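Peer 1: Sequence:
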Amino acid sequence: MIIPAGFFPPGEEPEPGEFDCEFNPEEFDVPPEFFEAEELPPIRPLCEEFFAPGGPLRQAAARGGRPYEFRPQQIEMAGAIADALSEGGNLCVEAPTGVGKSFAYLVPLIYRSRSRGRPAIISTETINLQEQLIDKDIPLLRELTGVDFRAALAKGRHNYLCRRRLSLLSGEQRDALLPAPSLALDLDRIVKWLERGADGNRDSIDFRMEAATWNLVCCETGNCLAKKCPFFRNCCYFKARQEWESADIVVANHALFFTDLAMRCAGGNAGALLPNYGAVLIDEAHTLENNAAEHLGLHLSRAGVIATLNRLYNPDSARGLLMRQGYPPELRGAVAEARDEAYGFFTPYENFLAERGENAREVSDPARFPNRLSGKLLQLCRALEAEIDEEDDASFRAELEAQFSRCREFIDAIDSFTSRSIPESVYYAEKDRHSVVLHAAPLNVAEILGEVLFNQDFPVMLCSATLSVRRSFDYFRKRTGFRNGKTLLLDSPFGPDQAKIYISRNMPDPSSEHFNAALAGEIPRFIELTHGKAFVLFTSYQSLRYCTDALRDYFSESGIRLLVQGENLTRSGLLREFREDIDSVLFGTDSFWTGVDVPGEALSNVIVTKLPFASPGHPLIRARMARIEAEGRSSFTEYSLPEAVLKFRQGVGRLIRSRSDRGIIVLLDRRVLTKNYGRLFLDSLPYQFEQM
0 MIIPAGFFPP GEEPEPGEFD CEFNPEEFDV PPEFFEAEEL PPIRPLCEEF
50 FAPGGPLRQA AARGGRPYEF RPQQIEMAGA IADALSEGGN LCVEAPTGVG
100 KSFAYLVPLI YRSRSRGRPA IISTETINLQ EQLIDKDIPL LRELTGVDFR
150 AALAKGRHNY LCRRRLSLLS GEQRDALLPA PSLALDLDRI VKWLERGADG
200 NRDSIDFRME AATWNLVCCE TGNCLAKKCP FFRNCCYFKA RQEWESADIV
250 VANHALFFTD LAMRCAGGNA GALLPNYGAV LIDEAHTLEN NAAEHLGLHL
300 SRAGVIATLN RLYNPDSARG LLMRQGYPPE LRGAVAEARD EAYGFFTPYE
350 NFLAERGENA REVSDPARFP NRLSGKLLQL CRALEAEIDE EDDASFRAEL
400 EAQFSRCREF IDAIDSFTSR SIPESVYYAE KDRHSVVLHA APLNVAEILG
450 EVLFNQDFPV MLCSATLSVR RSFDYFRKRT GFRNGKTLLL DSPFGPDQAK
500 IYISRNMPDP SSEHFNAALA GEIPRFIELT HGKAFVLFTS YQSLRYCTDA
550 LRDYFSESGI RLLVQGENLT RSGLLREFRE DIDSVLFGTD SFWTGVDVPG
600 EALSNVIVTK LPFASPGHPL IRARMARIEA EGRSSFTEYS LPEAVLKFRQ
650 GVGRLIRSRS DRGIIVLLDR RVLTKNYGRL FLDSLPYQFE QM
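Residue numbers for the sequence shown follow numbering that gives the first Met the number 0, beginning at 0 and rising by one.
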């Protein structure tokens, strides 16, 4: 069973924001040929010719791209993608760094576009890759291939301005509707931005703005008037949707893709977010299981509930939709009561986490947590529904209906969580920086994806630099349900002499109470080998903080700048400073193990402080392991170990990004030598190692 993506109210939804909705291409001037599939011409020969010496790719440098390099792995991958597109079968490709996988899949998709059939979807994990594809790779390949095709970047509607909502906030009720008077200046800037010809895309805003302001004027689920809206023909979101519908290649992120997939499973293509695609390419596919578990599950947060109720009426500021003249004070009282009860509903879960000092904990007995919130929300919905029926202003009524729908969704989500009605799922509470979140995550992701993704009438192609363990796809197949297709394991184009592995002789076992102190003693020894230029990758924030505090004076005295995750700079800011200060050192945890590209001398040293085994304390990890054990198999051998190997490969893969890169990899976890499974980590790398 797949849970529709209806439980993402404001404040809790994953990027790209709020989703809906129904789209009819007949409302726009979309050429009919984009919906009429033609016979697909042979594209493998075209791909092989493109990448071959003397082919069109040789002209890349003259068109602003990188100098041409002949890469046999790239031709092999492009040919396999071409065959999958022609034959309609699925494909799973491990393409190590340096293969040029983006071009290897884009070129076959571009030649496929000549058929003018259903578009191809490219789904990626990171914004950086989406921007690279749309802004750099695709324009260059359009010139080099000579194919006239259309490409579009698909985003959730939360990323687009709603002209109707902006107009509503600019009217006579402005003071009552704004949560804070300080946001008025932001609104004025948005109006001027739009007057300068902006397309309404949040990413094109060139001024600072409070997130709360954008939440008031963006497109949202449930309050769109579609063709009845006076701004429909100039709607920022539907103009973007028109581009998607007429595109041959649509680039999206995993959040949007999997939310769309869930909605298709729940109600067919009628309410889908993305066009009716005819091929899917999932890049950065090593995150496939976790993304599917996250976006096909249930999420309910205190922040989301409070944000919705505050939109109706915030008793702290005496602002909100219901401050409009004519609404009875009893209705605002009902909102205030529901708001108080929302805090009361989530507080026991917060205390439940605090009992053991945990950030996440499985909820196995929901009966111990009282639920008076659903009753208050139901009372509010009944009162609100009566007022909506009497509201003559269509724009204002749409705003009220959106909040009404969210309150109903909260009631359904609470019922699903407390009754544990979603089968084969783990139910848990989690504390993040700002809120308490209740989750129901499916444990049968492989079964779900095997049917709804890999058993369709179109090819699904997966690629990543790290999908295999000991050169086998067996683990990835089991976890993701990949079937009905072939696998391809490409060799690395880099040489084994480009890096060397050092394993510290001096480190105790990670279970030792002296491990962090030993880390602080060993890190400087290896930093000095490259005079900085290093990533130091931690598996816990606690260990990172210990070493940061212990080594801050050392770095200051050495003249080496220390950049630390979680201090003053954002992730992108840390990477920018690291690239610019060539001798700097960056301490990072989970997010720096993957998706980071720092070619050249600036990154010459990757220090792995500890093998990246996932914490068995997290409810989702523990539930996955328990499921394996219940089937009579070893959860360590079949889950923990291969997951750690894949993440290890991702982390050390930050080092060598081009044929000119050189560097060292340092392992401060001696289990690679002392445990019988350690060789699996060393064998996953092509480099020689020595103890030091």
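Accuracy of the hints is not assured; some may be wrong.
Unchecked claim - Distance windows between CB atoms, simulated: (1) Asn454 with Ser418: 54 to 60 Å; (2) Lys238 with Lys135: 22 to 28 Å; (3) Asp411 with Gly599: 48 to 54 Å; (4) Lys226 with Pro369: 40 to 46 Å.
Think of the hints as simulated: they come from the structure by calculation, not from any bench.
Predicted model only: the values in this text are computed from it and were never measured.
Where a beta carbon is used, it is the ideal one built from N, C-alpha and C, also for glycine.
Peer 1: Each hint needs a verdict: does it hold in this structure or not?
Peer 2: Each hint, compared with the structure:
Against the hinted window of 54 to 60 Å, the Cβ-Cβ separation of Asn454 and Ser418 comes to about 30 Å, which falls outside the hint. Against the hinted window of 22 to 28 Å, the Cβ-Cβ separation of Lys238 and Lys135 comes to about 24 Å, which satisfies the hint. A beta carbon spacing of about 52 Å between Asp411 and Gly599 agrees with the range 48 to 54 Å that was offered as a hint. Look at Lys226 against Pro369: about 45 Å separates their beta carbons, and that is inside 40 to 46 Å.
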